[in-house]
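Colleague: These are the residues of each chain, in order.
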Amino acid sequence: MSFSSLARLSGGRHFLLGNEAIARGALEAGLGVAAAYPGTPSSEIVESLMSVKDILGIYVEWSVNEKVAFETAYAAAIAGVKSLTAMKHVGLNVAADPFMSAAYTGVEESFVIVTADDPSMHSSQNEQDNRWFGVHAFVPVFEPYDATEAKDLTKAVFEFSSRFKHPVLLRTTTRVSHTRGYVDLGPIPEPKVKGKFNKEDRYVVVPANARRNKQRLLQKWKEISKAVNEFPFNSIQGDGKSLIVASGLAYGYVREAVKYLGVEDKVKILKLATTYPLPRDLLLKSVEDVENVLVVEELDPLVEKEVKSILYDEGVKIPVRGKDLVGMEFELTHYRVRKAIAEFMGVRLLSTDSTPLTVDVKLPPRPPTFCPGCPYRPFFFELRRFLTQEKLPYIISGDIGCYSLAYNPPYNLQDVTIEMGSSIGVGGGLSVVTEDVVIATIGDSTFYHAGLPPLVNAVWLRKPLITVVLDNEVTAMTGHQPAPSSRRDGNLQPILIEEVARGIGVKFVEVVDPFDIKKVREVLKKAVEYVKTNREPAVVVVRRRCALEVVRDLTRAGVKYVTFKVLEDKCIGCGICYDWFSCPAITSLSNRKASIDPELCVGCAACVQVCPTKAIVPSEEYDQEEVEKYWR
Amino acid sequence: MLINILVSGVGGQGLLTLARLLGQAAIKEGMKAYVAETHGLSQRGGSVVVHVRIGNDELSAPLIPEGEVDIHVSLELIEAVRNISMQQKDSILISNDKIIRPSIPKIVLPSRDDLIRVANAVKHFYLVNASEESLNLGNPYGANIVLLGFTTYILSEGNIISKDSVRQEVANIGRGKVREVNLKLFDVGYEKASKNVRPDTVEYIRKKKA
Numbered sequence: 001m002s003f004s005s006l007a008r009l010s011g012g013r014h015f016l017l018g019n020e021a022i023a024r025g026a027l028e029a030g031l032g033v034a035a036a037y038p039g040t041p042s043s044e045i046v047e048s049l050m051s052v053k054d055i056l057g058i059y060v061e062w063s064v065n066e067k068v069a070f071e072t073a074y075a076a077a078i079a080g081v082k083s084l085t086a087m088k089h090v091g092l093n094v095a096a097d098p099f100m101s102a103a104y105t106g107v108e109e110s111f112v113i114v115t116a117d118d119p120s121m122h123s124s125q126n127e128q129d130n131r132w133f134g135v136h137a138f139v140p141v142f143e144p145y146d147a148t149e150a151k152d153l154t155k156a157v158f159e160f161s162s163r164f165k166h167p168v169l170l171r172t173t174t175r176v177s178h179t180r181g182y183v184d185l186g187p188i189p190e191p192k193v194k195g196k197f198n199k200e201d202r203y204v205v206v207p208a209n210a211r212r213n214k215q216r217l218l219q220k221w222k223e224i225s226k227a228v229n230e231f232p233f234n235s236i237q238g239d240g241k242s243l244i245v246a247s248g249l250a251y252g253y254v255r256e257a258v259k260y261l262g263v264e265d266k267v268k269i270l271k272l273a274t275t276y277p278l279p280r281d282l283l284l285k286s287v288e289d290v291e292n293v294l295v296v297e298e299l300d301p302l303v304e305k306e307v308k309s310i311l312y313d314e315g316v317k318i319p320v321r322g323k324d325l326v327g328m329e330f331e332l333t334h335y336r337v338r339k340a341i342a343e344f345m346g347v348r349l350l351s352t353d354s355t356p357l358t359v360d361v362k363l364p365p366r367p368p369t370f371c372p373g374c375p376y377r378p379f380f381f382e383l384r385r386f387l388t389q390e391k392l393p394y395i396i397s398g399d400i401g402c403y404s405l406a407y408n409p410p411y412n413l414q415d416v417t418i419e420m421g422s423s424i425g426v427g428g429g430l431s432v433v434t435e436d437v438v439i440a441t442i443g444d445s446t447f448y449h450a451g452l453p454p455l456v457n458a459v460w461l462r463k464p465l466i467t468v469v470l471d472n473e474v475t476a477m478t479g480h481q482p483a484p485s486s487r488r489d490g491n492l493q494p495i496l497i498e499e500v501a502r503g504i505g506v507k508f509v510e511v512v513d514p515f516d517i518k519k520v521r522e523v524l525k526k527a528v529e530y531v532k533t534n535r536e537p538a539v540v541v542v543r544r545r546c547a548l549e550v551v552r553d554l555t556r557a558g559v560k561y562v563t564f565k566v567l568e569d570k571c572i573g574c575g576i577c578y579d580w581f582s583c584p585a586i587t588s589l590s591n592r593k594a595s596i597d598p599e600l601c602v603g604c605a606a607c608v609q610v611c612p613t614k615a616i617v618p619s620e621e622y623d624q625e626e627v628e629k630y631w632r
Numbered sequence: 001m002l003i004n005i006l007v008s009g010v011g012g013q014g015l016l017t018l019a020r021l022l023g024q025a026a027i028k029e030g031m032k033a034y035v036a037e038t039h040g041l042s043q044r045g046g047s048v049v050v051h052v053r054i055g056n057d058e059l060s061a062p063l064i065p066e067g068e069v070d071i072h073v074s075l076e077l078i079e080a081v082r083n084i085s086m087q088q089k090d091s092i093l094i095s096n097d098k099i100i101r102p103s104i105p106k107i108v109l110p111s112r113d114d115l116i117r118v119a120n121a122v123k124h125f126y127l128v129n130a131s132e133e134s135l136n137l138g139n140p141y142g143a144n145i146v147l148l149g150f151t152t153y154i155l156s157e158g159n160i161i162s163k164d165s166v167r168q169e170v171a172n173i174g175r176g177k178v179r180e181v182n183l184k185l186f187d188v189g190y191e192k193a194s195k196n197v198r199p200d201t202v203e204y205i206r207k208k209k210a
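Line order of the protein sequences matches chains P and X. Quick note on numbering: the first sequence equals residues 1 to 632 in full-length UniProt numbering. Quick note on numbering: the second sequence equals residues 1 to 210 in full-length UniProt numbering.
Mixed in with the good hints there might be a few duds.
Said to hold, decoys possible - Okay, the calculated bits of chain P under chain X, using three or more residues with CB under 8 Å as the criterion:
(1) 7 to 18
(2) 251 to 259
(3) 356 to 369
(4) 403 to 417
(5) 596 to 602
As the list claims (entries may be wrong) - Listed next, the in silico SDA-like pairs over lysine to any residue satisfying Cα-Cα at most 20 Å (straight line):
(6) P/K199 / P/P187
(7) P/K192 / P/K362
(8) X/K177 / P/V551
(9) X/K209 / P/E256
(10) P/K362 / X/Q168
(11) P/K560 / X/G174
Calculated from the structure, these hints are not laboratory results. Bear in mind the structure is a predicted one, so any value in this text is a computation, not a measurement. Glycine included, each C-beta is placed from N, C-alpha and C at the ideal position.
Next comes chain X alone, as it looks inside the complex (with noise of 0.2 Å):
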């Protein structure tokens, strides 16, 4: 069983814990799993990804290898777009329908249409209004959590980790109302997926596991 998960986004929108909680959750559940994180410069307001395995014993490299991503997780539009070259048509996005404009002078930005367009190409795509949820919920920065919810659905579903795990996981920071809120954020994201996926992205993760 090997599941590769890329986590794509700006630096400084939370894709470090989203990873840290899946890969711990992994853990916790008796597997073997990796997640190479992306520090100092590249964190800055940049382009930042982070590569997440889950496996058995045989997992033994911290990247996941060009086209072989099977669940692209990512934070804002233009990075899910970016990125998507890391998958096959058939495998799966969750992108939060947001967009980031880089600060450099006079840049164009392309429309939110074509970049949905673009993300189509995917078999499993799936945007997620995670950033208006989280707003919602009067935390700014909580995207990544609702984020983890929902892909925490598929995980779950697809008997890969328990639902239970990644939320124990998510209980674990912060206390009183932050503590609060990120379940709260975690279980929007998750009640989502739980309304939108189809039965075949759920078999797609299935088939992986087998």
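So here's chain P without its partners, still in its complex pose (with noise of 0.2 Å):
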């Protein structure tokens, strides 16, 4: 059963994503507002409050960064609405500044930030601990270890926020945000929307009022501190000379592992959902008695650290070990979690009783890729041409989304990749410092969310760069949410990128087709032709929309598409379209002859253009136009 047919029920269990457990437990507290922008792993979060906002009558935005998203569930929770903001782990860089002062003004009502962590990288540029900015900016840190938990949680720390009237951060890592688990469902109440904002001089962090609110704020932190004793998703479990220490999701592994390896009578176990602030009497009760401490947490030492400074402080003279035993990049695993215990318990870890399977032979690596029918294949398909065959010295600064899957070959286009918006920004000062013509390649969902402010700065100090913005129409990489170049969202106004673009004083704008490959040829030419002779910004914007939307609709209009084919008779084995426009649903046959798998195929025709003896046909006939309408 899909999140939003839920909406009207109460009772029954049900297996859910954690991101949606916690957007289930956000709607038991009374959640009123949400926004986000999405990210990996965090996108379900809000995309699930999304889809039940009308049936429930809440307010719910995709806003144009993390910023503004934190802005306006802040403004909610100053003004009595309960509510809700979700991001990614680097997501929270960027709205960093107003959560610093966030905890210094405090709020009105419940309002819990969620960061989801990405322990491993499977979708991100870094895997900073996100639990450091609850410490930096004392708000406290909550950790689920499941989504079973994730739900019941949410809803406590909703009820912890609008207690203290602060706002609070509720920490997970992939496996929680993507596992799903069962869930049982409580009531939804009537949420309430609209609130009254109090006009109060802690809301305006001038210095005078800064420095009051710094007092306010270290005397709640001590109210925060001593209520986390009592809060009940701690717990000392078991009972043996040997304490293990685990948050969160590392919770999971350690109830395991202590099973697995037979130690279940001699440790106790210190369960923490609350990391920061640590439950100082939670603590010490749980280390009466205890020889030797061990303290599991995915990524840093958070909580390794507080333990030792706990019971330093307080003179408990006892080894406390942590990450020398369990490691501190990546993601937990099974084996990393009983390997550590196995040593700090001074027992041996078996080998499972195994016959290794040996596999000799070579197989070969499969990064992701461009989807078939992805508007962004042909564009980066001609870019990789036409720098190739110029002979042109060129950078390629590229950015976060669909698009910095380009770095991978056959396009080898991504030359420096940090984070959203840098494309320009990076690009700009590149364009600088160095002769190389500079191709900054933005999405158009990154472009409003960190690429304005640097196209505004290339603009007015004249930098020689081309900013080529990838339009699909939709923040892709994370499910399709919309973004304000979405041109097919219900009721609101487009904003068109080469308006912006005019708007503030780019001469050079070029709208182009990617599934036209000359004419993108034609523009790229064109655009470095113009950058160089007069040494101030060009942009194009490459618009078509994504394949996966395009296909999803055509199949919900029940409008026919086919598949191509490769009429083989016609084709020369020269490999371009399998080797170099590299579309996954094209294979090569041991003859070198093209073949199209039509379990991939989408019909979208990009390569029946870069076929030299036009090989390529449609496999039977169909409404081109009709279907054209589709993708355009």
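From the two separate chains plus the hints, produce the assembled complex.
Modeller: Now the structure itself:
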């Protein structure tokens, strides 16, 4: 059952993603407002809330970036409406400015900030541990260990936030956010979505008020530090001379590992859902009669440092182990936790009674790639050809989104990519300090997220930079959330990138369809020429819809689209389509000729024009004009 | 009781649906289950694995321990072999008879025969022409449901989850024609298993249940 179909239900057990469980917990707590910018692994939280906004009458928005989302949700909370914002770990960097001051001002009603961290960097550029943000900003940090707990814990942190009129940080990691577990549904109260903002000095952080805020904050922090001792999701389990402290997801691994190692009767577990501030009294209670301590947590040694500090304060002299046994980088695995506990407990970790399976064939790697039908593929195909054939010295300043995949062969077209919006900022810098042709490639959603200020900067300071905005009219990588560029989003008016560019004074602005490869080449050539001659920015908007959206719409509308096929007698086996155009739907036969897999082809027809012998044709007749309407 | 099922394949092949339906059916039957999914960047045509764990209250972590996979269901042969190290020799491997070429220039693919030879080292290996069956039923994207049907036979004969529970979950997705085709795909997979799966494979799962 979909999340929205559960909106009117109370009771019953359902199988939800951790992120859906958090959304459900927020609704059961009486959420009125939610705002976010999508980012893996956080996206499904607000996506779920979005799917029920009309049913429940709550206000939910996809904002242009995490900072604005944070501010929107903060505004609700200071006006007395329970709110939530959710973001991936690096998203909190973008929202760090208001985050730091939100704890100073406090709020009026619940304000929950969800940070979804990504250990092992499944979909991210770093694996920063955002619990440090809590330490940095005096915001308490909570961590659920699975979906079942996530729902109830979310509800509880809303209450906690309301009680102290203080923002709280709910931290998940990928395996909590993206693992399904059972969730027992509770009732959803009638949400309060309108509030009243009471004007108070604390909300205006001029220095005189900020000083008072800081003192009030420290006083509140004392109360919060005390309250976490009573928080029901922390517990001491079992008994033994050794204590294992496990926070969030680590608890699940520890629980299974002690059983696996047969040391259940020898260890006590301190299960933590509040990792900062640490429940001091509970910790001290748990170390009574204990000879040694092991802290297991995902990523950085935050709990470990706190445990050591508290025990030192109290004069408790017992060894505390942690990252020295568990390791600091990447996500936890059973093996890591078992090995750490085995060493800590002085027991042998038996290797499984395995007969290892040998793989004596060489397996090709399979990195992620542009989907079949992706409008980015023909653009990067032509850009690659253009740069190679013209022998241009170039730097591609890349960005975060599906187009980051152009880093992979055969395109190899991302030379520097560090964060959202960096393509234009870093590209602008490179255009000043190098003699190369510098091309920034950025998606439409990312452009509105963090690309505008650096483009204004480049125009103002006349930087010789070509900015290519790959506009598929949606935030595609994270699951097709709308962006200001979306032309098909209900009653909202799209904000066209070419108009923005012209509005801020870019004189060279061209819009091109990436499926028209010839035109792409023409425009690129003109842009390079323009920047060389005029030493000022050029903007090229490459526009065509995300193929996944098109296929979805075609299917929903029941419009027939067909797959394509290769005429074997016409194919000369040159390999352009599978090696250089590199569509996953096109494969090579043993005679080097091409063949199209009907399981993967979406009928976009982009490959037709790259074939030098016109060997690619539709597999059957169809209404080309009608289908094309969906692609545009 | 604890059954670890690894689902592998290529992003976009419907691994998540297969895994979710299994987990959902287990929950409905009163068991505990986790399905650890892969989203975002890793989904775009790259190698993907999904972990399904079905058990009782002791189950508390999302991932399957290295080498402890009981049933490995793969939507693609190269991915089946890539993830074979997650399982033991005496476990189960069910793979779609399908090779998808990674879109990398000048790539050399291993031969189907070589891949099958390696897969055959797993005692209970079943090669299923799920993609072909799916195409025959007029749905190019239904190999996942055929394999779900195949896997369900083993799980239901092994007294883990009943056929009806899983079939009901399949019936709950989509309406009309889509629903009809999905149920047909499921039944084709189930039938295939009932003809091909050996008694010692079912026995292997029954022992896990005990």
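Colleague: Honestly, which of those hints from before does the structure not fit?
Modeller: Checked against the structure, the hints that fail are numbers 6, 7 and 10, while the rest are satisfied.
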